[in-house]
Amino acid sequence: MGKNNKLLEFIANSIPYGTLIQGFQYPELTVPSGKLHDAAGALKNFKEQPFDYLVSLTAVDHLEKFTMVYHLESTPTHTMIVLKADLANRDKTRIDTVSDLWVAAEFHEREVFDLFGIHFNNHPDMRRLFLEDDYGYPLRKDFKDDVNIIEYSN
Amino acid sequence: MILLDIYSFSTLTSSIDKSLNDAMAPWMATLTEFVLLGLVFLIFYALLGLFLVYLERKVCAVIQNRIGPNRVGKWGMFQTIADLIKLLMKELITIKNADKFLFNLAPFVVIIASFMAMAALPFAKGLQAIDLNIGIFYVIAVSSLGVVGILIAGWSSNSKYSLIGAMRSGAQIISYELSVGLALLAIVIFSGSMQLSTIVESQADGWWIFKGHIPAVFAFVLYLITATAEINRGPFDLAEAESELTAGFHTEYSGIKFAFFFLAEYMNMFIVAAIAATLFLGGWMPLHIGGWEGFNQIMDYIPSIIWFFGKTFVIIYIIMWFKWTFPRLRIDQLLNLEWKYLLPLNLINTVIISFVVLMGLYFK
Amino acid sequence: MNSVVRYINDIYKGVVSLWTGMRVTGKYFISPGEIVTEQYPENLATLKMEDRFKGEVIMPHDENNQHQCTGCGICEMNCPNGSIEIITKRVPNENGKMVRAIDKHIYHLAMCTFCELCIKTCPSNAITWGQDFEHAVFDRTRLTKVLNKPGSSLKKKEVKS
Amino acid sequence: MSEEAVKKIILKEDEDYIVNMGPQHPSTHGVLRMEVCLNGETVKYMIPHIGYIHRGMEKMAESNTYKQIIHLTDRMDYLSAHINNEAVCLAVENALGVEVPERVQYIRAILDELTRIASHHLWWSAFGMDLGALTTFFYGMRDREKILAIFEESFGSRLLHSFNTPGGLMHDVHPDFRKHTLEFVKYFRKKLPDYKNLLTDNVIFHNRTIGIGVMDKEMAVNYGVTGPSGRGSGFSCDIRKTAPYGIYDKVEFNEILYSEGDSFARYKVRMDEMEESLNILEQLVENMPEEGGFTAKMKPVVKLPEGEYFQRVEAARGEFAVFIVSKGEKYPYRIKFRSPNFSNLFVLSQLAIGGIIADLVAITGSLDLVIPDIDR
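Chains as they are written, first to last, in this note's numbering: chain D, 1 to 154; chain F, 1001 to 1364; chain S, 2001 to 2161; chain Z, 3001 to 3376.
Keep in mind the hints are simulated off the structure, nothing from the lab. Treat each hint with caution, since some may be false.
[Claimed, not checked] Mimicking DSSO-like on lysine-lysine, the simulated pairs with C-alpha atoms at most 30 angstroms apart in a straight line are:
hint, chain 1, residue 1, chain 2, residue 2
1, Z, Lys3044, F, Lys1340
2, D, Lys141, Z, Lys3146
3, Z, Lys3241, F, Lys1058
4, Z, Lys3186, Z, Lys3217
5, S, Lys2048, Z, Lys3146
6, Z, Lys3190, Z, Lys3241
7, D, Lys47, Z, Lys3241
8, D, Lys65, Z, Lys3330
9, Z, Lys3268, Z, Lys3190
10, Z, Lys3191, S, Lys2027
11, Z, Lys3297, S, Lys2120
12, Z, Lys3327, Z, Lys3059
13, Z, Lys3241, D, Lys6
14, Z, Lys3179, S, Lys2027
15, Z, Lys3190, F, Lys1058
16, D, Lys6, D, Lys44
17, Z, Lys3146, Z, Lys3217
18, Z, Lys3186, S, Lys2048
19, S, Lys2120, Z, Lys3327
20, F, Lys1074, S, Lys2027
21, Z, Lys3059, D, Lys92
22, F, Lys1160, Z, Lys3044
23, S, Lys2156, Z, Lys3299
[As the list claims (entries may be wrong)] Stretch by stretch, here's where chain F covers chain Z in the computed footprint (C-beta under 8 angstroms, at least three residues):
hint, region
24, 3021–3031
25, 3128–3141
26, 3197–3209
[Said to hold, decoys possible] Short, incomplete list of chain D residues facing chain Z, as computed with Cβ under 10 angstroms:
hint, residue
27, Leu54
28, His78
29, Phe107
From the three backbone atoms N, C-alpha and C, an ideal C-beta is built for every residue, glycine too.
Please take these sequences and the hints and turn them into a complete structure.
Listed below in structure tokens is the structure:
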């Protein structure tokens, strides 16, 4: 993957609050959670390489923080970028939705809400996708369900 | 012509009639004949229905590179009987909030409609329950009564799928009734009669599909298509449409009530095939070609009942062939097909046939 | 006029396409040699499963009722579903020392997902695939099997010379 | 879905005629429930309800080693089981920097294409049946059987074969593998005209699919609809082309693209893809090296170095991606499966609006959904 100078330049100019590092495969852009929507919008509307295809949206529970991970692809050039935002608060985790930019995010966000308990501001339909309303958030690392999950180690 | 009389059933039927009339009062005799006829038809109806179900399963199996039923009896011959016993023993599920009276009435309406149409069919020479002078008219009128049963079934089931299926069926049959009538009208124009026995007699020197050449073939094809739609079979099985409405109007029926619908569907197929065979393919009349006396005599050796059932089953096979080949139409396309294609073509064909008959352009 | 031509053309094309479809099914109707149905219970005598067929996990025993399982528990550890349980016991070997040996190699067929990790990782090739596939039973407990036969023992390793 | 639509869900109008298609319904191919609001037969809105067979695979995978995860991925999109396996294997191999032998890459690609054809066979069968052409089901299954026989011969199982493992394959393929694959290619080329005559050219089928469920390119990209469904809208999303993995950069093939975006375009993409897969198979089988082993040297316990790894592959229904977060242990810290059907499903509620029930069935069939892949 060659150096994508235009992209680097663009990010340096329009997303100055983000920190860009070259990850294992793709460039990874970390932004503060409050600015996530701005950064995502800027990437989506980048004229030369619009990142219009949201490949994957997920969260990772690092115990001390949640990390939202967005994999974006620019369909004309097939370049990938990873957008990340850290969320510190465990109880009332909130972040802006990106479903107004990519409709696909609507359901991925519902899944993340269902499994991690991360609320998305301005989401049109913030309901649980798979589970009951009173079920816990199973993909959190501190999730315990003594009734349904038999833990075994091998 | 003399040979034909060997296989005639009229001697048998008239002798039964005579002996009954000798033994009891005339009204008693008539009543006994009614009962006897009813019993004969019931048994015939049930057996034929079971056989048709078996036939369909075998035909579709071979088309689909399968063997089909082969466990119960030789070649699975008794499979449908086993199925019938199973259906008889199944629970009749009562539907909550269903209109009980109509719910139970619907299967009977459907089955009676198809049962009544059997009365006018000439099965063989001299084997016809009642030879009405408006035979075709009667058959068309009675066989379309079945849709009332379907509508009742869909309405009374208190199920949304059933209701949609019934409504589709209503729209479908009302539309296709026209084309069926017009296609049959072709032969009425040719033969100048609505009496089924007269129509069959008129084909002694050649079937109407040959004598009437192009317009008759055209009418035959149109009749096959519309008749398939009339009896709710694929590709026109929108009332059932199992991939959309699970089972359509009979979703909520179980056990023997479902079996009634099932049987009626197959018997309707038999009836439309029999009508097609009678009107277009000469009914029980053997294959006669004007002028070929030797050939005609050989053909006469084959009993008329075999001719009738042979022709009927060929048409039944064609209808099955349709079902197992084509995808289902959509309801609006179905109505489009009728009102934009089949009905205009039928009307044009009727005009052409009138012209052909007036000018005497058909083979006499 | 144009629309009339199109109308007739539509009908013609439609009928032709329907007829080509009917020819396909008609072709198969008159060629019963194409039937592919396998008549399962009848063809049992001739039915030969592939050598690699994954029917169930079995432990081959030789004629002396000896197997190769040392009871190391690696298969139990590798199974993702916990469908293998190893129960070991202590038996004296020829020198009189108590060593670990397999008591019961319990295999829960009902839980098995046939991922082959147990067989792949077994260091002594004690277990392998069996070709039996008729696993339908009326009672779930019958799907729990003990793979080592009663009274069986560990096969002596032949000393390489 | 707009906000009004959501409000409508909560405040259902009394006169709405709501029909539940599913969880047990012949056309949903699994336990998907579609809450369909009808006006006559016209669909006013459609809401999919999922989660009936959610198994928590991502949670399960957190307590499984990388080798054990493979058999879980089988059970997501069971029709492209092999391709799903490959995604995890490639991710692990890339993370460790393991070079797998070229022969393994060839075999994997052959199996990918066979899996793809088998999957499209089943889709063709079921799609025909959705539209009421019941015979297609048996013809499709008959030909799929040939592929499953090849699978059974080499892997011992027909559907979920867990044949990939990080570093290579479980076994070497059967000695007859090459011969039987070529035989299949020949056989299937002979049967393809039947498919064309029976369904592709049929006028009723055209009426049922052309112009039904039109999805333009922007919509496909926005919803993340990938695979044949996306390519039917002109969205160039074939991972084999855009981000080649394995041996695919050495194979010559075309990415099938149609721009109409209706159900028929999606149908055509899959039909053409089957033919293209046959071409790929011929190239691969011809060039497959006989020697070279079937696995790279791997440690018995696979531990990924700390980091995040993302691997995309082209499954039969679209882009399958696996995202692994490792903390240097033998278990993944977090694993996320980006399944194609999850994204493909939700465009359905948009496409269904304005059509009638029969169209809904046709669109569902043309999107080719596998429900366990949605629920994971």
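Flag every earlier hint the structure violates by its number, smallest first.
2, 3, 4 and 17
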